[in-house]
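A.B. asks: Now for the letters of each chain:
2 protein chains.
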Amino acid sequence: MASLKSLYEPNTNLGNALHTNFDVDFVIDYRFATTSKQAAESQFTALIHALNSVGLTTEVRNGDNCAVLIFIKVASPRHLRAEVYRSRVQDWLYGVRTIAPEKDMQKAFTAEPIIEAERLRLVYLLITKPKNEGGAGITPKRGEWKCVESIFALHDHTFNKAWIKDLTSKTFLTQKDLTEIRNRFGEKIAFYFAFLQSYFMFLTFPAGVGFCSWVLLGGFSPVYAVINGLWCVVFVEYWKKQETDLAVQWGVKGVSKIQHKRPDFKHESVVRDPITDEEVKVYSPVKRLSRQMLQVPFALAAALILGTLIATCFSIEVFISEVYGGPFKSYLVFLPTVILTVAMPTLSAMLTGFAAKLTDLENYETVAAHENAMVGKIFVLNFITSYMPIFLTAFVYVPFAQVIVPYLDVFQLAVKPFAENEKQMTAPKAGFQINPDRLKKQVIYFTVTAQIVGFALELVVPYIMRTVFKKVKEVKADRASKKGGATATSTADDHPEESAFLVRVRNEAELSIYDVTTDFREMIVQFGYLSLFSVVWPLTAVSFIINNWIELRGDALKIALETQRPVPWRADSIGPWLDALGFLSWLGSLTSAALVYLFNGNDFGPGGNPSNIKIWGLLLTIFFSEHLYLGIQLGIRTALGKIDSPGLQKERSERFAVRKQYLAESMGQEAAEEAAEGGIAGGEKINRKSLEDEARDSTLQGHGTPEERFWGRQRGVDETLTVGRRYIQQAAPKASPRAGGEKKEL
Amino acid sequence: MASLKSLYEPNTNLGNALHTNFDVDFVIDYRFATTSKQAAESQFTALIHALNSVGLTTEVRNGDNCAVLIFIKVASPRHLRAEVYRSRVQDWLYGVRTIAPEKDMQKAFTAEPIIEAERLRLVYLLITKPKNEGGAGITPKRGEWKCVESIFALHDHTFNKAWIKDLTSKTFLTQKDLTEIRNRFGEKIAFYFAFLQSYFMFLTFPAGVGFCSWVLLGGFSPVYAVINGLWCVVFVEYWKKQETDLAVQWGVKGVSKIQHKRPDFKHESVVRDPITDEEVKVYSPVKRLSRQMLQVPFALAAALILGTLIATCFSIEVFISEVYGGPFKSYLVFLPTVILTVAMPTLSAMLTGFAAKLTDLENYETVAAHENAMVGKIFVLNFITSYMPIFLTAFVYVPFAQVIVPYLDVFQLAVKPFAENEKQMTAPKAGFQINPDRLKKQVIYFTVTAQIVGFALELVVPYIMRTVFKKVKEVKADRASKKGGATATSTADDHPEESAFLVRVRNEAELSIYDVTTDFREMIVQFGYLSLFSVVWPLTAVSFIINNWIELRGDALKIALETQRPVPWRADSIGPWLDALGFLSWLGSLTSAALVYLFNGNDFGPGGNPSNIKIWGLLLTIFFSEHLYLGIQLGIRTALGKIDSPGLQKERSERFAVRKQYLAESMGQEAAEEAAEGGIAGGEKINRKSLEDEARDSTLQGHGTPEERFWGRQRGVDETLTVGRRYIQQAAPKASPRAGGEKKEL
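Protein chains in written order, with the numbering used here: chain D, 60 to 805; chain X, 60 to 805.
I should point out that these hints are in silico values taken from the structure, not numbers from a laboratory.
Any given hint might turn out to be false.
[Claimed, not checked] Derived CB-CB ranges, DEER-like:
1) 228(D) / 189(X): 55 to 61 Å
2) 228(D) / 328(X): 40 to 46 Å
3) 228(X) / 323(D): 52 to 58 Å
4) 340(D) / 720(X): 21 to 27 Å
[As the list claims (entries may be wrong)] Derived DMTMM-like pairs: lysine to aspartate or glutamate, alpha-carbon spacing no greater than 20 Å straight-line:
5) 719(X) / 150(D)
6) 316(D) / 703(X)
7) 346(X) / 703(D)
8) 529(X) / 567(X)
9) 235(D) / 161(D)
10) 701(D) / 332(X)
[What the hints assert, rightly or not] Just a sample of chain D residues kept apart from chain X, beta carbon distances all over 10 Å, derived:
11) 152
12) 256
13) 297
14) 529
15) 574
Computed from a predicted structure; not experimentally measured.
Built from N, CA and C at the ideal position, the CB exists for glycine as well.
Modelling step: build the complete structure from the supplied sequences, incorporating the hints.
C.D. replies: Here you go:
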């Protein structure tokens, strides 16, 4: 644990600064390096006034490099509680909570104390909500708040340390661990950890099956493909259920209905809502649709650009490794990898930036809609970059190599400087043999090497960068102070009691913002390799299970150390990633079937010659596999839908409690039962048997409606019974034929 | 309109009996022909007591043939209102209603009067609900109530007449018409009419396109196939939306959650529910699942039995019409049709009976689950009987005829008595030409002839039967009365004022029970022909549009005249038929693509020779078509999901009203705002500027926690502003470098 400790306390002289946050809820990093002094001052004044006007207390301290830090907490516990209460009532009104909060606030908070995530979320909303919704309307880096660099909560380092220690000491997270994450970091991040945990747990099965399959059956085994496909269905359907269940247990089911308005939304016109009579800002949906249509050319262009790059590098690599026979071959083989490594991130970043612009252009009203649209585009980009190389190998290189390779001579250019003669660079016109290991090697690269590299880029590199950066800064500061003169360093002003704390806060202000989308993307792409290509190399899941054990802890470390404490947003699901998961799982049924058909029993597959493939057989296999998949999916969905779960039980019991209470309160004794009783007891029980039939008949004939007369002929139960029995006597088969005869003159 | 009138008033001497129901809610037809007199009397007594115990008033009158009629109405309006109110509160608790009924009952019924369907449904439930749920527990023909033949409401003939007249005078039903049907016959039947109406309206499009396509493009046009597939998607998705919308407008959305227990449900054990603490009767779901598994062999056996019958008749027909050359050919051709006509209904009825037994065996707890399971099985049977002949022609006869026909010699037996020589009965070994018209003729048969025959069987035949039956009865009665002696006819006892009414009720007691499932089945099967095979004969939709205009009026006539008035059940959708609709629409994308691929540009298709088919081309076409279909479906579903509708608007406005009311009532002035105000106003506005920094610092150092001291350094907004401005002055880039210098000694 020593290394963890050293990781954890990068600066040991911070001492007890890690143990208290001085009750600070949020810190605003106010930077004015590029603003005039006057503007900075007036914006600062406006900022403090805005914060105070919504019931927040502020303290200001010096920051690093032209910055001040504004510390924020809620002015009074009473105000906080009112905010929490209001939010809970809103939840109830939107159907997120089944039970309304107790009308007595005191009781409400005893029954359900305020959790940290709830407090931080509401304070953050208080700071950032628009003014007409009761917030201070502070929007970092935007509009009138250009100087507000970031708004962040302070890490609870005591908790973080215990948390990381706890995580590293166990294999599986319990429900309690997940709830703890939710209490600290909010449901959105808790859902990520819950997903990762479920995925990790589920991976044990394909890892076991994969290992056995690798030992016994080798690659491209139809048995493994079927089991793997089945596992994908079960996992996706299980997660859907698990997701709903967690949402119910955390009291956030349907929370996505409570939408946060996007501050960047630009409205075209203001319309009065006929229902709520409020003014609503609207943007023509037709216009938005027409802009959304741009996604199609965007996806095509991205596929074309990235595809061309990948295909080119791929072709060069094939050319060099399998055609080229000249010197430096073993070095030249890395040429395409170098091209890819340089060009790909640049292109990806460019396309991601373009995707962000496109999403802005689509101008969504709510934060959630905006994020979902962005996630969709990012998924498309990642799909292309992650899977296209393997698709090219499996479905272009292997079946068509003999047709294509002779045309690869165009890449002579790449090796011309090194080749000694023409022959070294000319593809053989016939008899070209494909490299059967290429596909497997590629899958191993993406599922092992790339995962490790990714982890390093995600966690280790930033850590080193940060350490180096800090060292450089320290050296610079040292040199500056040696050069003489009391330059206005930020620390000079610090009160000794707070100085260690302020150093810590200044460090946290420098950290980047945690984005759970990136981590989700990584996991979904990983799931894709398993679903689409693991039939090539069944050990895939074994690699992933190791990777994901580290990944989960690494992500926790990243949140705790590498990034600012995230705002604890709520969520009721993993959102659009679920669709991506379902899509990859479905696509897996197609690719696995195709791979098995092409390669089973023959590592060369069609051996580069398309005429070796029976296309109708391939199509039939895919068709069959897909429909089997869809059928099984339907079955599993139905079966899982019938199984009870803690969340559903909780929901039912809450619903029942509400019903019972309501009935006991307002219906029960009073209105209904009394009315019902009255109906039964006070009916038409007149029963005056003494009246003769004829007499009554004549009395009735005179007055009353025909209906009254109809219902008056038999007064009370007894008369009905008498008359009925007589009818039965008369009509019953062969029993005293004239029993009721004497009464027939009625 | 003359014929309608005569249809409507089959017995003109009923006179004004059609104009009043004497306030009768329900009539029980109590038949004791097969029961001993004593048992009949005691059961009758129990029946009357049971009815009276739940607040119902009874009158008894004589019935036909060993029967008495028990007339039922709710004892007092107050009791009825209490029932309605209780039901509305239950709706609210289950989330069917958004707004709770007014606590003041008087107001509640003024705002929302009791509609007829609501009254009849609740009275029916009062009669039939188990005793522990507050009903009388009368279960017709079951258990202790063997003599209760049926419980039926009386037709409102005045309404019925006006209704039929109105329906026949217009082409499209309006929203108001549908709501009227719902008010009279309940949501379940109203949904049928709404579906039929939407379907009819939508049919205009494929009818138009089909006609143009028939004139311009002929059969098997890919253009028509694509348009038809697109139409199917749009229609199914539109109906889903429309269905929800209607459910909201009729206030029944989610009503399927309120389940009616099945009286026939047999429990294995009684468990105490941990949540509700009520005793629940349970049946092992594993056992049920194992019995549900029987559906698979059932479906296979049904397919085998019906399939064999159909295939045999089909083969005989092909043999006779295309191989046989002997005498009587033109008569013998009808032989298989005769076999089918005789055997099919018998087999179907047998299998349906078997399906019903199987469903009983599955032992569902609720009426809805039972019905859905039964509908599923009926759909499978209907699928086989309706579509298999065409499937055989299109995908067996046309591609494989040349292979199969030589083997048809086995059917020589069928024609042996008529043939003159062997040659007449021997298939040519080669050069057999398929009949290209067979497929089209078959489709025309199923979409025109069969529809007309079905209509006749459904409406005209029962009408004739009933008329003849009545005539026979009249003649018999006449003869009996002529024979002499005052036999105890049922009418002898009638009060003259009621006698016409009683004659009418006795007639209604003889009518059969309306089953909306049959009508739904007919429409769904019809939709199947359009979706699966209309590419063969594009005029299909034209035939259907004519048929359905009549069908809707015919069904209304059937309800009004041929059957007892149905119990107005509620429903929030068309239930499992929606799945059948989706399935047929999807399957259509496969069959249409296959038909177009096989037959386009060549009426002979592959001409009976399988080697003429490029299987990979066929598979690719189907694969492409299916995925295009699924993609478009997703798109249309998303697009329709974004469109607003009257129902959704109603829902939103109700939700909003609830929210507004709640906030106004309990939150608004009191708790929240006051608390919030307190927070802002009473914060830390101490602002004692006079205190010196040093002085304060020392005072604070002595006592208070570090947190208190941290937040105490700047008291109030003004001090924060002052300090903040000073920091900005100090750090701001290149602006009066030592401006705040003199204050630095803090």
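A.B. asks: For every hint, state whether the structure bears it out.
C.D. replies: Hint check:
1. 228(D) / 189(X): 55 to 61 Å: Because 57 Å falls inside the window, the suggested range holds.
2. 228(D) / 328(X): 40 to 46 Å: holds, 45 Å
3. 228(X) / 323(D): 52 to 58 Å: The hinted range 52 to 58 Å holds for residue 228(X) and residue 323(D), with Cβ atoms some 57 Å apart.
4. 340(D) / 720(X): 21 to 27 Å: Hint holds: Cβ distance 25 Å, inside 21 to 27 Å.
5. 719(X) / 150(D): holds, 14 Å
6. 316(D) / 703(X): Distance of about 16 Å is within 20 Å: holds.
7. 346(X) / 703(D): holds, 17 Å
8. 529(X) / 567(X): It holds: about 13 Å lies between the C-alpha atoms, which stays within 20 Å.
9. 235(D) / 161(D): It is violated: about 26 Å lies between the C-alpha atoms, which goes past 20 Å.
10. 701(D) / 332(X): holds, 17 Å
11. 152: Answer for residue 152(D): violated, closest chain X Cβ roughly 5 Å.
12. 256: The claim holds: residue 256(D) sits with its nearest Cβ about 27 Å from chain X, beyond 10 Å.
13. 297: holds, 19 Å
14. 529: Residue 529(D) clear of chain X: closest Cβ-Cβ about 21 Å, beyond 10 Å.
15. 574: It holds; residue 574(D) is separated from chain X by about 26 Å at its closest Cβ, greater than 10 Å.
Checked against the numbered hints above, the structure breaks hints 9 and 11 and satisfies the rest.
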